[in-house]
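Number of protein chains: 6
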Amino acid sequence: MSATATASPAAVELDTNVRDKLLKVGSANVANVLLARGFRNVMMLGLAPLAQDQPQLVGPAYTLRFIPAREDLDSMANYGRTDNKHRRAIEECPPGAVLVIDAFGSLQASSMGDMMAARLRHRGVSGVVTDGGYRDSAAIEATGLPCYQVRNAPPATPIALHPVALDEPVGCAGVAVYPGDVLVGDRDGVVVIPRHLVEEVADEALDAVEYEDFAALHIANGRSIFGLFPATPESRAEYDEWVAAGRPELEKK
Amino acid sequence: MSATATASPAAVELDTNVRDKLLKVGSANVANVLLARGFRNVMMLGLAPLAQDQPQLVGPAYTLRFIPAREDLDSMANYGRTDNKHRRAIEECPPGAVLVIDAFGSLQASSMGDMMAARLRHRGVSGVVTDGGYRDSAAIEATGLPCYQVRNAPPATPIALHPVALDEPVGCAGVAVYPGDVLVGDRDGVVVIPRHLVEEVADEALDAVEYEDFAALHIANGRSIFGLFPATPESRAEYDEWVAAGRPELEKK
Amino acid sequence: MSATATASPAAVELDTNVRDKLLKVGSANVANVLLARGFRNVMMLGLAPLAQDQPQLVGPAYTLRFIPAREDLDSMANYGRTDNKHRRAIEECPPGAVLVIDAFGSLQASSMGDMMAARLRHRGVSGVVTDGGYRDSAAIEATGLPCYQVRNAPPATPIALHPVALDEPVGCAGVAVYPGDVLVGDRDGVVVIPRHLVEEVADEALDAVEYEDFAALHIANGRSIFGLFPATPESRAEYDEWVAAGRPELEKK
Amino acid sequence: MSATATASPAAVELDTNVRDKLLKVGSANVANVLLARGFRNVMMLGLAPLAQDQPQLVGPAYTLRFIPAREDLDSMANYGRTDNKHRRAIEECPPGAVLVIDAFGSLQASSMGDMMAARLRHRGVSGVVTDGGYRDSAAIEATGLPCYQVRNAPPATPIALHPVALDEPVGCAGVAVYPGDVLVGDRDGVVVIPRHLVEEVADEALDAVEYEDFAALHIANGRSIFGLFPATPESRAEYDEWVAAGRPELEKK
Amino acid sequence: MSATATASPAAVELDTNVRDKLLKVGSANVANVLLARGFRNVMMLGLAPLAQDQPQLVGPAYTLRFIPAREDLDSMANYGRTDNKHRRAIEECPPGAVLVIDAFGSLQASSMGDMMAARLRHRGVSGVVTDGGYRDSAAIEATGLPCYQVRNAPPATPIALHPVALDEPVGCAGVAVYPGDVLVGDRDGVVVIPRHLVEEVADEALDAVEYEDFAALHIANGRSIFGLFPATPESRAEYDEWVAAGRPELEKK
Amino acid sequence: MSATATASPAAVELDTNVRDKLLKVGSANVANVLLARGFRNVMMLGLAPLAQDQPQLVGPAYTLRFIPAREDLDSMANYGRTDNKHRRAIEECPPGAVLVIDAFGSLQASSMGDMMAARLRHRGVSGVVTDGGYRDSAAIEATGLPCYQVRNAPPATPIALHPVALDEPVGCAGVAVYPGDVLVGDRDGVVVIPRHLVEEVADEALDAVEYEDFAALHIANGRSIFGLFPATPESRAEYDEWVAAGRPELEKK
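Those sequence lines, one after another, are chains A, B, C, D, E and F.
Counted from 1, the first sequence has number 67 at position 67 by the working numbering; the numbering is strictly sequential.
Counted from 1, the second sequence has number 132 at position 132 by the working numbering; the numbering is strictly sequential.
Counted from 1, the third sequence has number 250 at position 250 by the working numbering; the numbering is strictly sequential.
Counted from 1, the fourth sequence has number 101 at position 101 by the working numbering; the numbering is strictly sequential.
Counted from 1, the fifth sequence has number 158 at position 158 by the working numbering; the numbering is strictly sequential.
Counted from 1, the sixth sequence has number 63 at position 63 by the working numbering; the numbering is strictly sequential.
Accuracy of the hints is not assured; some may be wrong.
Repeated chains share a single entry, so a pair holds when one copy, or any two copies, can fit it.
[Said to hold, decoys possible] Below, in silico cross-link-like pairs of lysine-lysine (DSBU-like), each with a Cα-Cα straight-line distance of 30 Å or less: (1) Lys85 x Lys253; (2) Lys252 x Lys85; (3) Lys24 x Lys252.
Simulated from the structure, these hints should not be mistaken for laboratory data.
If you're wondering where the values come from, they're calculated on a predicted model, not measured in any experiment.
Full structure from sequences and hints, please.
Following this line, the structure appears as structure tokens:
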């Protein structure tokens with residue numbers, strides 16, 4: 001384990017219980033909970049899952065920062081060196097963590113290829129997020145690793161990207177990511193939870209999901225969204241009663 | 001039924017016969033028919049279906065116009081009010097109509113979420129089109145409602161969007177939409193038919209589709225597109241004969 | 001066969017052996033081989049396959065160049081003429097070749113529709129690439145022809161595009177394409193191989209793919225990418241030994 | 001005077017005293033004052049003054065909303081009609097007001113030309129803001145009317161723009177504009193003040209400008225920005241003293 | 001004189017009388033005249049004059065087409081060869097003509113530098129238009145040659161641009177340009193007149209300018225634009241009378 | 001002087017002789033010299049000088065890196081703290097250096113305002129470069145400090161930008177900037193010279209400028225650019241002779 005990773009232990013730990021909750025909520029639910037606390041800019045915009053049916057992404061952030069490449073520093077020879085931080089990120093990103101790549105939005109070269117994805121998968125990393133793109137996208141998809149990108153960016157990394165730092169605060173797709181912040185990704189995209197808020201956000205987001213299950217039943221039964229969604233004090237009381245009653249089936253209307 | 005909806009009855013009626021024809025034609029066929037009448041700007045550009053296999057979208061437009069949000073007016077509290085026009089649109093869009101959302105191209109916040117989509121589906125609305133994007137996209141897709149957007153835009157609506165008017169003329173994805181204009185959406189995207197032309201456009205577009213079936217048979221049989229597609233007077237006569245003959249199988253070449 | 005096509009015989013011939021090799025390699029492998037020869041700008045950026053599961057695209061380029069339309073020249077009537085170069089391209093693109101369309105990035109009108117795609121398919125053309133977009137995308141996909149575009153662009157061609165030249169050097173999606181250059185397209189996108197390098201590039205790219213199969217086995221077995229990928233002289237020797245030994249299964253770790 | 005204008009008298013009145021204050025402050029000063037009240041999205045982004053040296057823009061908003069043109073409605077003949085709302089806006093925008101044009105960001109056609117600008121100038125209108133662009137820019141500049149746009153957009157208006165409504169809430173360059181809101185424009189761009197806050201914002205912004213004059217003197221004298229800018233309670237006290245002392249020259253360091 | 005230039009004599013001749021008229025009209029006037037003939041797409045969008053106060057641009061088009069560069073063909077050594085078409089364009093563009101550069105919108109490298117501009121100026125070329133950008137912009141401006149571009153693009157040409165053809169039909173900034181078409185550029189931008197229409201367009205545009213002078217006097221005198229601009233049959237008759245009367249001063253209102 | 005600045009003394013020293021040379025050359029000359037050494041990506045693209053007539057920018061880079069703001073960290077209160085790195089950059093950027101701001105291309109908030117510019121000017125800083133934009137642009141221009149930006153971005157910094165690091169390698173407008181690299185900015189834009197190459201690049205660029213003076217005289221005298229520009233061995237010998245002869249006036253042709 002590298003010194004860098006050791007220095008930010010926050011990145012490696014996410015309570016199993018919290019992770020389980022976050023596996024059940026949508027990124028939009030999380031964003032709502034954060035908005036209620038005044039956080040308006042938490043959804044990475046413009047990113048798409050690599051595969052439509054990839055698993056939910058949950059994990060604390062471990063970051064890699066790229067800057068533009070320079071021809072004398074970013075040769076293929078230098079790329080193969082063992083101190084190359086792009087390659088170190090693949091070996092040092094902690095199991096369970098999400099590798100978050102600040103590619104400064106560059107689609108000129110690849111943020112990751114299939115060999116790297118296979119290695120991350122083997123090492124137990126939870127997923128990868130870049131504001132650039134990947135190469136070998138079909139093979140990455142085959143690994144089952146949940147990955148997010150803007151669009152494919154197949155040229156070789158050193159053509160445009162120089163890896164300059166590991167596990168420091170970065171921006172990714174317009175959102176601040178501090179090491180250890182927790183990312184949740186679904187079909188909609190990826191949301192970032194400030195690390196000190198993860199537990200309470202997970203609780204509230206799960207609660208919102210459960211309320212939405214209740215609301216969905218009523219909507220399927222023909223009820224208006226007024227007085228139901230968003231929740232009102234009255235509908236909330238009704239929900240609590242329904243939960244207390246063991247979540248019975250609704251009488252068909 | 002709200003006064004607003006009552007005021008534009010055009011929005012609610014689309015002859016079943018016409019609807020059936022439009023369910024069989026492509027948006028590109030419709031665009032061609034309109035081009036022949038001098039309409040060059042009828043395809044909404046840059047919109048994609050939410051799901052690859054969603055049903056064909058057909059229906060008259062009922063519109064919702066957003067403007068940028070302002071923090072004092074667009075709180076979550078105000079969002080929950082019963083006079084919020086975003087929520088009213090969900091309850092007032094007539095069954096059979098298409099909800100057309102002018103989000104002024106904003107991808108900063110959501111034009112609709114899954115609870116709203118479920119309610120629209122239940123109410124018999126034909127589909128939704130926005131020049132922004134949605135949240136809860138997987139759940140919206142699960143409703144089966146045909147929806148079009150630029151890309152996912154999961155942040156909460158009041159972060160960036162203020163609903164300001166219902167059922168008035170709007171622009172959406174670069175095309176003028178007047179209440180009651182008829183939208184047709186397929187894999188290619190969405191085309192807008194001025195309401196006074198719907199019947200004749202449906203007829204001509206269906207005719208074009210049937211001619212294309214004829215042309216496709218010949219192309220599969222090895223015939224050149226010259227003298228066949230686009231149709232010439234001669235190929236058209238040949239087609240009429242073939243139709244008169246009961247659309248027989250072609251002799252294999 | 002037209003004089004134009006005759007004048008560039010390079011476009012019609014691609015050694016079967018070379019084609020077979022290129023059917024097995026990724027566009028990113030090809031790009032790497034070209035980078036080693038100093039070619040940095042060979043991947044068309046921003047293009048996507050029309051269908052996720054379409055076959056690999058391989059073939060020499062036959063080009064069509066569009067310029068912006070002008071109303072007096074680009075009427076629907078003129079579009080139907082037999083000297084229209086868009087339609088001529090469909091009939092004259094040699095079997096086995098790839099039709100490469102320089103639409104100057106325009107998404108205002110269609111680079112191709114389904115009738116044209118069906119004809120190309122019937123004529124044995126290998127695929128189509130445009131830096132614009134198509135109409136009738138679902139029907140094109142049904143032909144099985146591998147096609148690349150930016151996104152759907154369904155308006156009728158003459159609204160925005162005038163076909164001005166066949167089989168001359170063009171730019172497409174930011175890459176130079178000379179007639180006879182060989183294109184390889186997969187899920188990542190499309191790469192262009194200068195025609196005089198095709199054989200050696202095919203050999204080296206296939207070699208890289210085979211080395212990656214070896215590396216993938218080791219990664220699946222828990223080995224670090226350091227000293228394995230990219231290849232080092234030592235790992236390369238190890239690979240050669242493994243090949244000589246008949247590519248045996250790895251001992252499980 | 002039209003009924004429309006009569007219905008929104010807020011648009012026509014701006015206290016002379018308030019106007020004078022706003023003529024002395026920067027748009028950035030105003031934005032800061034609004035930020036302190038929780039308004040984060042008040043600066044129109046991406047707009048530039050037509051002329052570098054045009055006068056400061058100050059005035060309440062009178063709005064014009066465009067939607068995309070449609071060939072049958074937006075002929076040159078219809079453009080010349082007296083009920084054309086684009087032309088009505090030129091005659092009905094109240095003296096002293098700013099004509100704010102929501103062109104939905106379209107640069108395909110002109111939001112205004114020189115004849116219209118000359119008429120607005122003659123009628124005493126304070127200026128024009130569009131999120132599209134103008135034609136005849138040199139001649140508009142010659143009128144001296146302060147105008148903002150994205151960039152020149154010289155094609156004739158009916159090619160792309162249909163005027164659909166006057167003096168209703170619109171979005172312009174990403175900011176909500178309600179009739180009567182007050183706009184302030186300088187070299188930086190244009191800021192929008194919600195109408196109910198105009199007086200207090202003018203006061204505070206002018207106060208900020210006066211404090212900045214004080215800070216500028218100290219900076220010119222070699223003082224650090226720490227403890228000076230942004231103001232601290234201590235520096236603020238020092239400023240008050242200095243003002244009380246009649247704003248004496250600083251002792252040279 | 002090169003064979004290429006000889007082959008398109010249309011490029012070199014523009015009647016002095018016609019040129020003089022076009023020196024007096026705005027690009028927007030020309031666009032209006034062309035719109036009346038059905039030409040909607042004649043203004044190059046997004047181009048700006050290099051210098052605010054450069055002279056009016058008028059002249060027939062001589063074109064240069066670039067495609068993306070390729071490292072083996074576009075070395076600095078090859079750039080210096082006498083058959084390089086970029087350099088040939090500088091020596092062969094006919095005096096009086098406008099060099100129109102199709103740089104496929106690339107801002108990655110320079111369409112022209114100051115030495116080239118000085119040579120063109122010396123040779124009597126009327127100006128330069130590119131849909132890319134220039135280097136040495138201050139020095140180009142000093143030559144007095146009217147030039148249009150998107151924005152500065154200072155990297156050396158061979159980094160991104162390969163000159164592939166002279167004096168053939170091209171697209172530039174979204175508009176078709178055929179050799180010999182006449183360009184008119186002012187502060188607003190550049191308009192393209194199909195060559196067979198130049199004389200009548202010049203006449204009508206000049207007429208429109210003269211009518212606008214009349215309208216401007218009335219507007220300055222307080223008259224409404226209704227019934228004055230655009231012209232009506234009545235205002236047109238009034239104008240004719242005024243002209244017949246020797247364009248007298250208006251009575252002050 | 002802060003520890004950070006002390007740690008990168010390269011940032012503060014630029015030989016006066018080298019600086020003087022670089023004050024005389026164009027950014028394009030520098031880019032050419034670097035291209036000859038294999039550096040293709042050295043010009044910051046899309047940046048413009050704040051003022052047309054600002055002095056040449058020359059100096060070693062001192063960097064500030066922003067990431068996206070987060071509401072709890074980027075309050076106005078926190079902005080005023082003495083450990084805020086944005087404000088520290090203003091006080092710690094060494095005299096003679098250029099402050100290079102990596103704003104990750106954000107135009108949502110200001111990279112600098114007039115008070116900061118005045119302080120930098122007073123402290124002897126050479127200029128400022130951002131890939132975002134400024135507020136108070138007129139007042140910044142009045143300081144005379146050469147500044148580059150994309151376009152004005154007047155909202156308050158903490159709305160979108162969080163200052164995260166000083167004097168580390170960053171990307172700015174697509175170019176890698178290492179502390180101590182030397183920037184040269186003119187009307188065209190800004191070029192970055194790797195610090196170990198500054199002396200030789202300055203020499204060669206100045207030589208190129210002097211050769212261009214020679215070429216310009218010949219071009220003004222009617223000579224073709226062939227055999228003159230770019231220089232050939234023969235023209236170079238001719239130039240050397242001319243220099244040896246004391247750069248005499250050319251005989252008029």
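Hint-by-hint comparison with the structure:
| no. | hint | verdict |
| --- | --- | --- |
| 1 | Lys85 x Lys253 | between (61 Å within a copy, 27 Å between copies) |
| 2 | Lys252 x Lys85 | between (60 Å within a copy, 29 Å between copies) |
| 3 | Lys24 x Lys252 | within (28 Å within a copy, 35 Å between copies) |
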